[in-house]
Amino acid sequence: MKCRHVQKTLIATSGRRKLSPEVHAHIAECPRCRRWQTRLNELDYAVTILPVPNSSQAKAAFQQKLLADPATPSRRWHERIPGKPWQKIAVAAAASVVIVLLWSGVLKREHAPERIAAPQADPLLASVLQRHSELATAQTSAQRIRTLTALSEDLDSETRSLARVAGSEDLAALAGLYEDVVKKGIVVQSDEIPADDRPTLLIEIADRLFRTSQTAELMIQDVPPSAADPLRQIARTARDANNLLRAKARTEVAIQDPNPVRHLPAGG
Amino acid sequence: MVTMVLGVLAAWAGAQAPPRRMAPADQVKLLHRNRTLYQAAVKSGLEVTSQFDPLERAHSTTLLARQLSDEIKSAAKEQDSDRAAELCRHLVRLVDQGVTPNLSQARSRIPAGSEAERLLLQRRDEVLEVLKPLEETLRNQFKSSKEVDAVLRELSAGRAKVESSAKK
Numbered sequence: 001m002k003c004r005h006v007q008k009t010l011i012a013t014s015g016r017r018k019l020s021p022e023v024h025a026h027i028a029e030c031p032r033c034r035r036w037q038t039r040l041n042e043l044d045y046a047v048t049i050l051p052v053p054n055s056s057q058a059k060a061a062f063q064q065k066l067l068a069d070p071a072t073p074s075r076r077w078h079e080r081i082p083g084k085p086w087q088k089i090a091v092a093a094a095a096s097v098v099i100v101l102l103w104s105g106v107l108k109r110e111h112a113p114e115r116i117a118a119p120q121a122d123p124l125l126a127s128v129l130q131r132h133s134e135l136a137t138a139q140t141s142a143q144r145i146r147t148l149t150a151l152s153e154d155l156d157s158e159t160r161s162l163a164r165v166a167g168s169e170d171l172a173a174l175a176g177l178y179e180d181v182v183k184k185g186i187v188v189q190s191d192e193i194p195a196d197d198r199p200t201l202l203i204e205i206a207d208r209l210f211r212t213s214q215t216a217e218l219m220i221q222d223v224p225p226s227a228a229d230p231l232r233q234i235a236r237t238a239r240d241a242n243n244l245l246r247a248k249a250r251t252e253v254a255i256q257d258p259n260p261v262r263h264l265p266a267g268g
Numbered sequence: 001m002v003t004m005v006l007g008v009l010a011a012w013a014g015a016q017a018p019p020r021r022m023a024p025a026d027q028v029k030l031l032h033r034n035r036t037l038y039q040a041a042v043k044s045g046l047e048v049t050s051q052f053d054p055l056e057r058a059h060s061t062t063l064l065a066r067q068l069s070d071e072i073k074s075a076a077k078e079q080d081s082d083r084a085a086e087l088c089r090h091l092v093r094l095v096d097q098g099v100t101p102n103l104s105q106a107r108s109r110i111p112a113g114s115e116a117e118r119l120l121l122q123r124r125d126e127v128l129e130v131l132k133p134l135e136e137t138l139r140n141q142f143k144s145s146k147e148v149d150a151v152l153r154e155l156s157a158g159r160a161k162v163e164s165s166a167k168k
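Protein chains in written order, with this note's numbering: chain A, 1 to 268; chain B, 1 to 168.
No lab work stands behind these hints: they were computed from the structure. There are no misleading hints in this set.
Coverage of chain A stretches by chain B, computed from C-beta distances (three or more under 8 Å per stretch; other residues unrestricted):
#: 1; region: 126-132
#: 2; region: 135-147
#: 3; region: 159-173
#: 4; region: 176-186
Calculated pairs, DSSO-like style, for lysine-lysine (alpha carbon to alpha carbon, straight line, at most 30 Å):
#: 5; chain 1: B; residue 1: K43; chain 2: A; residue 2: K183
#: 6; chain 1: A; residue 1: K183; chain 2: B; residue 2: K29
#: 7; chain 1: B; residue 1: K132; chain 2: B; residue 2: K167
#: 8; chain 1: B; residue 1: K161; chain 2: B; residue 2: K132
#: 9; chain 1: B; residue 1: K43; chain 2: B; residue 2: K132
#: 10; chain 1: B; residue 1: K29; chain 2: A; residue 2: K184
#: 11; chain 1: B; residue 1: K161; chain 2: B; residue 2: K146
#: 12; chain 1: B; residue 1: K132; chain 2: B; residue 2: K143
#: 13; chain 1: B; residue 1: K29; chain 2: B; residue 2: K77
#: 14; chain 1: B; residue 1: K161; chain 2: B; residue 2: K73
#: 15; chain 1: B; residue 1: K43; chain 2: A; residue 2: K184
#: 16; chain 1: A; residue 1: K184; chain 2: A; residue 2: K248
#: 17; chain 1: B; residue 1: K29; chain 2: B; residue 2: K143
#: 18; chain 1: B; residue 1: K161; chain 2: B; residue 2: K143
#: 19; chain 1: A; residue 1: K248; chain 2: B; residue 2: K43
Partner residues aside, some chain B positions facing chain A, computed with beta carbon under 7 Å:
#: 20; residue: Q27
#: 21; residue: V28
#: 22; residue: L30
#: 23; residue: L31
#: 24; residue: H32
#: 25; residue: Y38
#: 26; residue: A41
#: 27; residue: G45
#: 28; residue: T61
#: 29; residue: G98
Every residue gets a Cβ at the ideal spot worked out from N, C-alpha and C, and that includes glycine.
Assemble the whole structure, with the sequences as input and the hints as a guide.
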């Protein structure tokens, strides 16, 4: 599957909707598409918190105008089309043909191959179970750590998206799961990565954790006090893991090359 | 004619528009309702990351499938066909993508008649013991639900895959 196709799919399914296993597999392996997905997630979130201007006055004025306007009888649709009756029928028939053609095109495009229909009711449950299947069949530590990172991002994203509406107990449970995935999953798996891949992969994961910590920190000031603690927990967990993975990456570089010419980025 | 054109247009527009985002209140309800399932899935997911034997991974995934199955049975008892169908689809996918590949992988390495084969068959039976009673429960509880009928077909196909995955 090509990056272009995956990115188009991500745009088309922006939001908390199900992606096909092929797209998930590609994203797990492709840092570029993963960054693309992260940016889209941030955009999705930003849309939900855009301030909406108060429209009650404008609405009231519109309703008043509507009620004040005298009702004028309107002509029927075919009387409004210029031309003779046979010309009107021809226009209507042509429009129907175009619509039917468009419709059949849509039907063909929507027939994406998928073995089993993806359930849509609870996207987080679908995602958590999908990650479980990926972990149960992952053959390398790199696949495992990337899937765990994606799982942690799902949990973080859900916590942030519901921070203003969910109960503190539910949010605390999500933050607790986030911490488990990071500490018992990502950090533990980071020791299993082959030495050659370790610096690059650890920095890639640390970058993602750094972004999570920054986003959660920013949001803390903007949520009710009951949601602040779970977000603080996520930010702290992500920040600590980011620092730890960067330290491990630096140690690995020092072991492999006692006089490194290039330096690892200091992000976070 | 107008009705037909408008109908086609509305259907076309519906097909073009992205699926609606769930209302926050509904998301909160789901979060509360499915919290224990998230916890079970994460716990089991962390467990399988430390397992390198496909039969161990199949076993851990089957334990999670059993928890899902219990939840489906509760939904069936309450005649909640939507929830039963949704969870059942999750269960089928979990078995199809998490258990069956591990059983197949183990099968390819295990010689017929060996002690390891006995364990393989035991792992296969464990998951069948989750799927078969569930099919019965759903059949008995929902006698005229098209959605549940469709899910039952998926469940039955998933069970057939599990059965064949352990065959030499």
